[in-house]
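Trainee: Sequence:
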Amino acid sequence: MTTDKSSEKKFDKVLERALQQHSKPVPADFTDRILRQLKEAREQKILARVILEERLALAACIILATIITVVLFVFPDIIASLHKQMPAFAERIARIIIGTVNSNWQLCVIFAAIVGFAVYSFIDLLVGDN
Numbered sequence: 006m007t008t009d010k011s012s013e014k015k016f017d018k019v020l021e022r023a024l025q026q027h028s029k030p031v032p033a034d035f036t037d038r039i040l041r042q043l044k045e046a047r048e049q050k051i052l053a054r055v056i057l058e059e060r061l062a063l064a065a066c067i068i069l070a071t072i073i074t075v076v077l078f079v080f081p082d083i084i085a086s087l088h089k090q091m092p093a094f095a096e097r098i099a100r101i102i103i104g105t106v107n108s109n110w111q112l113c114v115i116f117a118a119i120v121g122f123a124v125y126s127f128i129d130l131l132v133g134d135n
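Going from the sequence shown to the numbering used here is simple: count from 1 and add 5.
Rather than coming from a laboratory, the hints here were simulated on the basis of the structure. Watch out, some of these pointers could steer you wrong.
Stated by the list, open to error - Ranges of calculated distance between the beta carbons of each label pair, as one might list FRET restraints:
no., residue 1, residue 2, range
1, D82, N107, 34 to 44 Å
2, L61, E13, 31 to 41 Å
3, L52, P92, 43 to 53 Å
4, D82, R60, 33 to 43 Å
5, I68, K29, 22 to 32 Å
6, F127, I68, 47 to 57 Å
7, C66, L87, 37 to 47 Å
8, V124, P81, 32 to 42 Å
9, L61, P81, 50 to 60 Å
10, R47, V120, 33 to 43 Å
Note that CB positions come from ideal geometry on N, CA and C, so glycine has one too.
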């Protein structure tokens, strides 16, 4: 903490000395140029973050597609048996969902609101501020 203050004081002294020794006048558009450079630096930082997010999303899609392809080729018997059992499984899930909604409809409304907010947040994340 004290080293930060002492380094700030040293920096201030060096800056003050340099400004006193500086003989050229500051150009009129100096502030505008500095502000433009700061804005460009912020934009570059934001752009780098967006590019990283897009690369991660692309990598996730490629990895997911690769995993699905490998599973389809390595375990075709399991996939075929799941396909045969799917109608009974879907019927069982539908009965469970209907029974849950009938008995705990308040909880289902809260859950639907949470899922809706998650979907909204995800879409807002993808769309961004344009």
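Trainee: Each hint: holds or not?
Mentor: Hint by hint, here is what the structure shows:
At about 38 Å, the CB distance of D82 to N107 agrees with the hint of 34 to 44 Å. The beta-carbon spacing between L61 and E13, approximately 38 Å, falls within the hinted interval of 31 to 41 Å. For L52 and P92, the hinted distance range of 43 to 53 Å is satisfied, since their beta carbons lie about 49 Å from each other. Separation of D82 from R60 is about 36 Å and conforms to the stated range, judged on CB atoms against 33 to 43 Å.
About 57 Å separates the C-beta atoms of I68 and K29, a value inconsistent with the hinted range of 22 to 32 Å. For the pair F127 and I68, the beta carbons lie near 19 Å from each other, so the given range of 47 to 57 Å is not met. For the pair C66 and L87, the beta carbons lie near 23 Å from each other, so the given range of 37 to 47 Å is not met. Evaluation of the 32 to 42 Å hint for V124 and P81 yields a pass: the beta carbon distance comes to about 34 Å.
Range check, L61 to P81: Cβ separation about 31 Å, and the 50 to 60 Å hint is violated. Restraint check, R47 to V120: a C-beta distance of roughly 34 Å satisfies the suggested window 33 to 43 Å.
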